[in-house]
Amino acid sequence: MWYLCVFFHRLLDYRRPEVEALADLFAAFEDCPLEWKLPQNYHFDSPFHFVNLPSEDVARNVAHRSILIKGIYELWGEGSSFEELEEAIKTYPVDRKLPYLVSESTFKINFDSFGKGFSSEEKNDRIHRLSFIPFEGRVSLRDPENIFWLMEADDYGSNNGLPPITEKRIFFGREIGCADRKLLPTYQLKSRTYLGPTAMDAEMAFLMANQAQAKSGKLVYDPFVGTGSILVAAAHYGAMTMGADIDIRVVRDGHGPDCNVWSNFKQYGLPMPISLLRADNNLPPWRAGLKEIFDAIICDPPYGVRAGGRKSGGRKLLKGVVDPYTVPDNLRTGHIPSTASYSLVECVHDLLDLAARMLVMDGRLVYFYPKVRDDDSIISKFPEHPCFKLVAVSEQILSSRYSRVLLTMIKIRPYTEDIAEEARIKHLEFKINHLKWLEDGNLHSAVFNPVNQGDDTYVKDPKKKYRGKYV
Amino acid sequence: MRLLTHNMLSSNIKGVTNGFPLALEVTKLVTKPVDFNPDFLKNMLLKVEWKALVEASRAMGYAELPEQTEPSMVESEEFLRKFHHALLELHLEEGSLVCPQTGRKFPVCKGIPNMLLHEDEV
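Here the protein sequences line up with chains A and B, keeping their order. Letter 254 of the first sequence, counting from 1, is numbered 254 in my numbering, and no numbers are missing. Convert by adding 1000 to the 1-based position in the second sequence; the result is the number in my numbering.
In short, the hints are calculated from the structure, not lab data. C-beta atoms are modelled at their ideal positions from N, C-alpha and C, and glycine is treated no differently. Among these hints, one or two may not hold up.
Unchecked claim - Here are the simulated distance ranges between beta carbons:
#  : chain 1 : residue 1 : chain 2 : residue 2 : range
1  : A       : 36        : B       : 1043      : 28 to 36 Å
2  : A       : 422       : B       : 1070      : 49 to 57 Å
3  : A       : 389       : B       : 1043      : 36 to 44 Å
4  : B       : 1026      : A       : 427       : 30 to 38 Å
5  : A       : 389       : B       : 1046      : 23 to 31 Å
6  : B       : 1073      : A       : 417       : 26 to 34 Å
7  : B       : 1077      : A       : 139       : 48 to 56 Å
8  : B       : 1073      : A       : 398       : 47 to 55 Å
9  : B       : 1043      : A       : 119       : 54 to 62 Å
10 : B       : 1073      : A       : 197       : 27 to 35 Å
As the list claims (entries may be wrong) - Only pairs whose alpha carbons sit at most 20 Å apart, straight line, appear in this in silico PhoX-like list of lysine-lysine:
#  : chain 1 : residue 1 : chain 2 : residue 2
11 : A       : 123       : A       : 190
12 : A       : 426       : B       : 1014
13 : A       : 431       : B       : 1014
14 : B       : 1032      : B       : 1082
15 : A       : 389       : A       : 291
16 : B       : 1014      : B       : 1051
17 : B       : 1047      : A       : 291
18 : B       : 1105      : B       : 1028
19 : B       : 1082      : B       : 1042
20 : A       : 123       : A       : 37
21 : B       : 1032      : B       : 1105
22 : B       : 1047      : B       : 1082
23 : B       : 1032      : A       : 291
24 : B       : 1042      : A       : 215
25 : A       : 266       : B       : 1032
26 : A       : 168       : A       : 116
27 : A       : 190       : A       : 266
28 : B       : 1110      : A       : 266
29 : B       : 1028      : B       : 1110
30 : A       : 116       : A       : 97
31 : A       : 97        : A       : 108
32 : A       : 168       : A       : 215
33 : B       : 1014      : B       : 1105
34 : B       : 1082      : A       : 291
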């Protein structure tokens, strides 16, 4: 059945993929993609979308679990004028309307608009015009059984940064469910006791956990766990969590007994991670033969803009300038081994190889990948792997120079000997040409170097892209 | 560190071919209750190296696990409870993991094993 799905005007690229991931979680779509429609002449970035979901229960579950759905509605009517809307509501099948109009029920009507504000008189006036609907129930503003919404979107001129709406449209429908955004103030970073410089924003962490379809009984792994900000969201949805990080300060020490990674989980009454490890993503300590154990891998790899990646082995050692430093036996305990920087290309290669091996079939790999915005050549060129299918790409614009893209990949083929061998050869190549890869993958300069003003090739904001509020 | 983690780790020092299972040296042991989830356990039973888990749980002072598993055991809640306890509730808080081939100790500190290699082991 088709439902009207109205989104919050935020993180525009993340909205449809979230619904798709959740619909798959609650209704297990086989290979057929979810069907979408837009109201006539509406821009893709407008909040109004129609989605075809198998049942009202699925729609309710999707809405309740989502972060970006303002509401999913059973549409009773729509029109470009009030008269058209009235006609549409009157012709909507009586047997669909009647159960929600009976005298034992309680109800409430809300008014909402997009792109334009209305005074409370205007709102009341519009709601009163619905009096032709034979409501027999009692109005309850505090705790109604049925909530109806009248929503209006009008041409507001296109100078306010919102996607253009060419035609006035009024919608009327019954609410099926909406996002529980109370989660966000509870989990917001400023209430978190232990934070790192790149802790994941709570809203984004929940979106990532939704993409990963985290739920009870599933095992979720983050190889760059840091302060655990992504795993907190996965744990909220009941998943078992595991994390690893190379940095001793982050995983173990924290700032005292009540301010460390563990306390971030305790603070919200969430189950502790199954395990935290200090380990190197470049040389993971998994036993031979261990495979297909994680249901999802979620992470924000270090790509060298805010924080750079590290791997085992000293800088000079990898250059071949010095022989391996032999740690004296009396200093072995407590020795902190030196690390070298870890290029993005190598890091993502290791991540894909790890995921290909350790994810169960149909398991999900969800991670951020950086994108330089004024470079057309690398558009839509994301990492590929024979075991994976890319199912969702959501861009979040961070500055005029670069953005980060959340990629969701599903494991569709088992990890074979051939793939393992290929990965091993690639691993060696990275080790031998360590410096070359570091230079190639240097995103920091692309993002932070001053722009050459005389350079004609640099055009500010080359592609018009609408952005949600505050993002 | 729970024994599930122990069951997944091996020593990856350069040249070591036989780094699993790591021996346990227990300095401080704690038991932390975890919610019982039979589906998760049934799934994990297919993935763990049983012999390594039995030995590790003995090193942690828990000798209730049978030597071998049979497919019918997943139906027994009693068995799943024991498996649950060994796999998820026993924690090595302080101690070390010892590489079976070289004897190198990987310290476990505040429940977090440090699997990083020194410069001459990479």
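Results for each hint:
no., hint, verdict
1, A/36 - B/1043: 28 to 36 Å, "holds (34 Å)"
2, A/422 - B/1070: 49 to 57 Å, "violated (38 Å)"
3, A/389 - B/1043: 36 to 44 Å, "violated (23 Å)"
4, B/1026 - A/427: 30 to 38 Å, "holds (35 Å)"
5, A/389 - B/1046: 23 to 31 Å, "holds (25 Å)"
6, B/1073 - A/417: 26 to 34 Å, "holds (32 Å)"
7, B/1077 - A/139: 48 to 56 Å, "holds (51 Å)"
8, B/1073 - A/398: 47 to 55 Å, "holds (52 Å)"
9, B/1043 - A/119: 54 to 62 Å, "holds (57 Å)"
10, B/1073 - A/197: 27 to 35 Å, "violated (48 Å)"
11, A/123 - A/190, "violated (36 Å)"
12, A/426 - B/1014, "holds (18 Å)"
13, A/431 - B/1014, "holds (14 Å)"
14, B/1032 - B/1082, "holds (14 Å)"
15, A/389 - A/291, "holds (19 Å)"
16, B/1014 - B/1051, "violated (25 Å)"
17, B/1047 - A/291, "holds (8 Å)"
18, B/1105 - B/1028, "holds (16 Å)"
19, B/1082 - B/1042, "holds (13 Å)"
20, A/123 - A/37, "violated (28 Å)"
21, B/1032 - B/1105, "violated (25 Å)"
22, B/1047 - B/1082, "holds (17 Å)"
23, B/1032 - A/291, "violated (27 Å)"
24, B/1042 - A/215, "holds (16 Å)"
25, A/266 - B/1032, "holds (13 Å)"
26, A/168 - A/116, "holds (12 Å)"
27, A/190 - A/266, "holds (16 Å)"
28, B/1110 - A/266, "holds (15 Å)"
29, B/1028 - B/1110, "holds (10 Å)"
30, A/116 - A/97, "violated (30 Å)"
31, A/97 - A/108, "holds (15 Å)"
32, A/168 - A/215, "violated (41 Å)"
33, B/1014 - B/1105, "holds (15 Å)"
34, B/1082 - A/291, "violated (24 Å)"
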